[in-house]
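These are the residues of each chain, in order.
Protein chains: 2
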Amino acid sequence: MPHQIAIGPNLRKSAYFEATLRAGGKSFSVYNHMLIPSHFGDPEAEYDRLLNGVVMWDVAAQRQVELAGPDTGRLAQYLTPRDLSKACIGQGRYVPLCDHDGWLINDPVLLKLSEDRYWLSVADSDIHLWAAAIGRERGWNVQIREPDASPLAIQGPRAGDVAESLFGSWVRDLTYFGFAETRLDDIPLVLARSGWSKQGGYELYLTDSSKGDALWDRVAQAGEPFGIGPGAPNDSERLESGLISYGADMRWQTHKATPFEMGLGAMVNLGAGHDFVGRAALQRLADALPARVRIGVFLDGQPPLPGHSVDMLKDGATIGHVSEFAYSPRLRRMIGVGLVQASLAQDGLAVHIALGQDKVGAQLTPLPFSMP
Amino acid sequence: MPHQIAIGPNLRKSAYFEATLRAGGKSFSVYNHMLIPSHFGDPEAEYDRLLNGVVMWDVAAQRQVELAGPDTGRLAQYLTPRDLSKACIGQGRYVPLCDHDGWLINDPVLLKLSEDRYWLSVADSDIHLWAAAIGRERGWNVQIREPDASPLAIQGPRAGDVAESLFGSWVRDLTYFGFAETRLDDIPLVLARSGWSKQGGYELYLTDSSKGDALWDRVAQAGEPFGIGPGAPNDSERLESGLISYGADMRWQTHKATPFEMGLGAMVNLGAGHDFVGRAALQRLADALPARVRIGVFLDGQPPLPGHSVDMLKDGATIGHVSEFAYSPRLRRMIGVGLVQASLAQDGLAVHIALGQDKVGAQLTPLPFSMP
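Chains as they are written, first to last, in the numbering used here: chain A, 12 to 383; chain B, 12 to 383.
So here's chain A without its partners, still in its complex pose (with noise of 0.2 Å):
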């Protein structure tokens, strides 16, 4: 049985609320503690538009946290084990963020907006908390503060279409993460070719939140031709496409994780010179080979699917655990992905999954799923 959502002060509002009622959302999470669509009432159609039209998701909750002043680029730096000498105004860049003991505590697209203003466009934890406290203790002169920022994603293959005729040609020149300040008529916004599927497109980083609507309605008009309709980040896709979640497939207060384990390790750069949270414990991690490493599943049937966290089993023992499942539609079947022992990380290996009191067979593949 479905169950309602409270709509309280508690919770934030995006500034696309009211819009995303007006098309029909029918279903919310909370993120970054914003309301956020998950569904309009046909999940087919929205997977559909994804992979082979145009959708639009109101991503406001992927907030901003920003860092402005002359030390800006020293914490930046000192924040991700990832390398930011060649940062580039402009280029986006995937960071993933650890804690003082090299666990994950968020991965953000970092946005150089110029030398000494920088977002992060963080998943589901306070970075602004964290981030302010490091910069203060270390007595650096920095600015930390949640912009007016509200990401509107268009995804899937006619994204470039529906951005070209509201901004021109221009935006086919962006590279993957590139993106631009720039307005349509009287609307601020940075756009970025960026966006949290593999089917390409672009967010509108809407910089004037009282425009929530406005933006809304030329996006939907300007994409009525290509067939745009509304739809949010979507689970199957990500599944498919090996796409990290913070929060769902790793979080610090109930299954941590490293970045080695989650793939990462090569955006831990351990050279001379370069300190970051975390160094000494990374260094550590990266002298040995990751005890765990991410892996799909493809599940046997269509169980009930859990809605959380479940261990995966080799002859009854605990081996790894599947963070999430949903039904892929081009593979027909159900798939999930989690973390394994790195030595039983087998290809076609036969393992089994918890659903409460039954055990259901699945099989280990690599990530991201190979489609047909």
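Among the hints, a few may not be true.
Residues of chain A placed beyond 12 Å of chain B at every Cβ, according to the derived structure [unchecked claim]:
1. Pro20
2. Asn21
3. Asp82
4. Gln88
5. Asp110
6. His111
7. Asp135
8. Leu185
9. Thr193
10. Gln210
11. Gly274
12. His285
13. Ala328
14. Ile330
15. Ser381
Mimicking DSSO-like on lysine-lysine, the simulated pairs with C-alpha atoms at most 27 Å apart in a straight line are [as the list claims (entries may be wrong)]:
16. B:Lys325 / A:Lys24
17. B:Lys267 / A:Lys267
18. A:Lys37 / B:Lys24
19. A:Lys24 / B:Lys97
20. B:Lys325 / B:Lys370
21. B:Lys24 / A:Lys267
22. A:Lys222 / B:Lys267
23. B:Lys222 / A:Lys24
24. B:Lys222 / B:Lys37
25. A:Lys370 / B:Lys222
26. A:Lys370 / B:Lys24
27. A:Lys24 / B:Lys267
Hints listed in this document are in silico derivations from the structure and should not be mistaken for laboratory results.
If you're wondering where the values come from, they're calculated on a predicted model, not measured in any experiment.
C-beta atoms are modelled at their ideal positions from N, C-alpha and C, and glycine is treated no differently.
On the provided structure of chain A, position chain B as indicated by the hints.
Okay, now just chain B, sitting in the frame of chain A:
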């Protein structure tokens, strides 16, 4: 129209989640990345139990941040402006937390379990990240983790009867915020005389989440002679009582406030030799009167409620905001709480509230509300 909540792996389930579904949980919110029931379909009965009987609440989403190790006391004192020099094992203490600029970022209850193990029972922000960053940047020997601790609250005038029948008559001797580690047969927990209402009661911090169902059922059975039933932290009662809700009344990202503005100035200890996060900023703020103060409002009529913070107006100018409204059954009218310019905090002052396109009349009144 009510909207559904998306129950997925990015939102944690409480130790009592299955029990609350069995008990008829209809609506949920999200707090500290965890689902929390908001009502069970009969708000009037839930209020009545709280005021006149006893009600049980799943408040496991009030998570604990554990500080452990030799420098625990030192870090705890540095995290809060409140003087902890007289903090005792077994006696909780309300401890506002501020950032380095003096803005509130949480307002937990501190539980000193031993000399080197404290819990912060936190409101809705990721204090674990902030506390760990500060401890580690200062080089102190203290580990931060989230323990397996899930509060279940019993609140109302008959809560003492329920607690006594479960644990024995010693529970009557606990002072307000007093607590003790104890057991119910094989169920380990920390029993505290506390809870987010002014009706009195206890919180049972279950420390083995696999026993959530068992504890819920034990409490429901013990409470049956006293008419216990399920409920949730109650907006009407908390507004009547003037209780603060971090996230609703103030939030770092959206509507910042200082401890002086929130009526917590007496907890800011600026005595010599006491260093803490935000001290310099709070010293400056303490030298002046706060620009804004907390206030209650009576709202004319029963207009539809906005579900978010709205402006308070006088002669067309914004003079403050109201963070939440609810109907008060005891006062038989709509009430709210907010912040107003200190010079205008006058009992009975007529103001307007901006509700969508409308301006609705309202009158200011001191907090807590006077009950008939």
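Against the structure, the hints come out as follows:
no. : hint                : result
1   : Pro20               : 4 Å, violated
2   : Asn21               : 4 Å, violated
3   : Asp82               : 14 Å, holds
4   : Gln88               : 16 Å, holds
5   : Asp110              : 6 Å, violated
6   : His111              : 4 Å, violated
7   : Asp135              : 7 Å, violated
8   : Leu185              : 29 Å, holds
9   : Thr193              : 25 Å, holds
10  : Gln210              : 21 Å, holds
11  : Gly274              : 19 Å, holds
12  : His285              : 18 Å, holds
13  : Ala328              : 19 Å, holds
14  : Ile330              : 19 Å, holds
15  : Ser381              : 24 Å, holds
16  : B:Lys325 / A:Lys24  : 26 Å, holds
17  : B:Lys267 / A:Lys267 : 31 Å, violated
18  : A:Lys37 / B:Lys24   : 21 Å, holds
19  : A:Lys24 / B:Lys97   : 42 Å, violated
20  : B:Lys325 / B:Lys370 : 11 Å, holds
21  : B:Lys24 / A:Lys267  : 17 Å, holds
22  : A:Lys222 / B:Lys267 : 23 Å, holds
23  : B:Lys222 / A:Lys24  : 35 Å, violated
24  : B:Lys222 / B:Lys37  : 23 Å, holds
25  : A:Lys370 / B:Lys222 : 22 Å, holds
26  : A:Lys370 / B:Lys24  : 21 Å, holds
27  : A:Lys24 / B:Lys267  : 17 Å, holds
Hint compliance for this structure: hints 1, 2, 5, 6, 7, 17, 19, 23 are not met, and every other hint is.
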